[in-house]
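Based on the hints, put chain B in the right spot on chain A.
Here the protein sequences come in this chain order: A and B.
Following this note's numbering, the numbering of the first sequence begins with 1 at its first residue and continues without gaps.
Following this note's numbering, the numbering of the second sequence begins with 1 at its first residue and continues without gaps.
Source of the hints: derived by calculation from the structure; they are not laboratory data.
There's no promise every hint is true.
Stated by the list, open to error - Cβ pair distances, simulated, as ranges:
no.	chain 1	residue 1	chain 2	residue 2	range
1	B	Leu69	A	Asp59	43 to 51 Å
2	B	Leu22	A	Asp55	37 to 45 Å
3	A	His95	B	Asn28	16 to 24 Å
4	A	Lys56	B	Asn65	38 to 46 Å
5	A	Met29	B	Lys57	16 to 24 Å
6	A	Gln14	B	Gly53	34 to 42 Å
7	A	Gly60	B	Tyr95	20 to 28 Å
8	B	Lys57	A	Tyr39	27 to 35 Å
9	B	Pro8	A	Thr108	23 to 31 Å
Unchecked claim - Here are the simulated DSBU-like cross-link-like pairs (lysine-lysine), alpha carbons at most 30 Å apart as the crow flies:
no.	chain 1	residue 1	chain 2	residue 2
10	B	Lys71	B	Lys9
11	A	Lys68	B	Lys57
12	B	Lys57	A	Lys100
The beta carbon of each residue, even a glycine, is placed where N, CA and C say it ideally should be.
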Amino acid sequence: DQQVKQNSPSLSVQEGRISILNCDYTNSMFDYFLWYKKYPAEGPTFLISISSIKDKNEDGRFTVFLNKSAKHLSLHIVPSQPGDSAVYFCAASAHTNAGKSTFGDGTTLTVKP
Amino acid sequence: NAGVTQTPKFRVLKTGQSMTLLCAQDMNHEYMYWYRQDPGMGLRLIHYSVGEGTTAKGEVPDGYNVSRLKKQNFLLGLESAAPSQTSVYFCASSYGQGREQYFGPGTRLTVT
Chain A
1 DQQVKQNSPS LSVQEGRISI LNCDYTNSMF DYFLWYKKYP AEGPTFLISI
51 SSIKDKNEDG RFTVFLNKSA KHLSLHIVPS QPGDSAVYFC AASAHTNAGK
101 STFGDGTTLT VKP
Chain B
1 NAGVTQTPKF RVLKTGQSMT LLCAQDMNHE YMYWYRQDPG MGLRLIHYSV
51 GEGTTAKGEV PDGYNVSRLK KQNFLLGLES AAPSQTSVYF CASSYGQGRE
101 QYFGPGTRLT VT
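Looking at chain B on its own, in the form it has when it is part of the complex:
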């Protein structure tokens, strides 16, 4: 039982490049989330999903897109990376609405 895994763990992009972050969970959770954490700040919700095939915008969605084609996977895409997107990205999943979330180890992204 791996829980929540994220790929890759680290990435450096140049401005304008694109990339996809992959999140996978093996707990059969319906809810999945993508957050970013900047220094000295809490977790800010980018996008979330309440089930396979669904996605919705969170607090800071601009510049990101997501897809949830399979229940266990939640992908976060950056179409044209900007330095302001330098951050640590966390994926999480939850079995129920508002209940505890299980987080992945994070992806540290640097955009130069």
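If we strip away everything but chain A, and leave its shape as in the complex, we get:
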């Protein structure tokens, strides 16, 4: 049973437009959510996070939205840039779970110039 799902394996957008990456989760105990970005042949790097007490968090061009009732979060990138082309992983953790994060399978974002 996959507790964190990214249903879109890939997404392609034009430079300057908005990229929206989606993530669904099933475990209602999750209370902290993170997005990571991964370039080929590198380790993932942390991008942005959100606590379950919030419904939105912004950091520059990146905004994460959390809808707890729908168990859904999304990452918005505005405007998208070619350098944003990477694999994006959604992750979730519960404070009762010893700091472990559960990762989705990732969405490959391609931003076309």
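Structure of chain B alone, referenced to chain A:
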């Protein structure tokens, strides 16, 4: 400040051979993790540690062992490698429970 480093970067093993992957972090983080990533899949947790001298099983622990004798180091061992263990292995560390993790560059392991 090197962050998280992993040794080696690449390795080819024959079935039945053993090896140890080394992870080191210089951020004084309490939490450390070992993941594997297979093509088209996310990161699956193998083992983790919540502090020096502690280890615990993750989602896919079979065939692996770990040790955390020093706070800055987390070792992953394969006692008898199998082709199913061909994967990319990532180590990560974190300052707090459930908080953002800092990843190493990965070790690409092939078992023939």
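- prompt: Is the distance from the Cβ of Leu69(B) to the Cβ of Asp59(A) consistent with 43 to 51 Å?
  reply: At roughly 37 Å between Cβ atoms, Asp59(A) and Leu69(B) fall outside 43 to 51 Å, so the hint is violated.
Practice prompt. Look at the Cβ atoms of Pro8(B) and Thr108(A) and judge whether their distance stays inside 23 to 31 Å.
Written response: Distance hint for Pro8(B), Thr108(A) holds at roughly 27 Å.
Given a hint of 20 to 28 Å, does the C-beta separation of Gly60(A) and Tyr95(B) actually sit inside it?
22 Å, holds
ask   = Under the criterion that the straight-line Cα-Cα distance not exceed 30 Å, is the pair Lys57(B), Lys100(A) satisfied?
value = 11 Å, holds
*Can the restraint linking Lys68(A) and Lys57(B) be considered satisfied, given a maximum Cα separation of 30 Å?*
Within the cut-off at roughly 29 Å; holds.
Using the C-beta atoms of His95(A) and Asn28(B), is the stated range 16 to 24 Å upheld? 21 Å, holds
Range hint 37 to 45 Å (beta carbons of Leu22(B) and Asp55(A)) holds or violated: 41 Å Cβ-Cβ, so the 37 to 45 Å window holds.
Q.
If I claimed the Cβ atoms of Lys56(A) and Asn65(B) lie 38 to 46 Å apart, would that claim hold in this structure?
A. 43 Å Cβ-Cβ, so the 38 to 46 Å window holds.
inquiry  = Taking the Cβ atom of Lys57(B) and the Cβ atom of Tyr39(A), is their distance within the range 27 to 35 Å?
reply    = 30 Å, holds
- Query: Given a hinted range of 16 to 24 Å, is it respected by the beta-carbon distance of Met29(A) and Lys57(B)?
  - Reply: Given a distance of about 19 Å, which is inside 16 to 24 Å, the answer is holds.
Starting from the range 34 to 42 Å, see whether the pair Gln14(A) and Gly53(B) falls in it by beta-carbon distance. This hint is violated: roughly 52 Å between Cβ atoms.
Given the hinted pair Lys71(B) and Lys9(B), is their alpha-carbon gap at most 30 Å? The hint holds at about 22 Å.
Violated hints, in rising order: 1, 6; the structure is consistent with all others.
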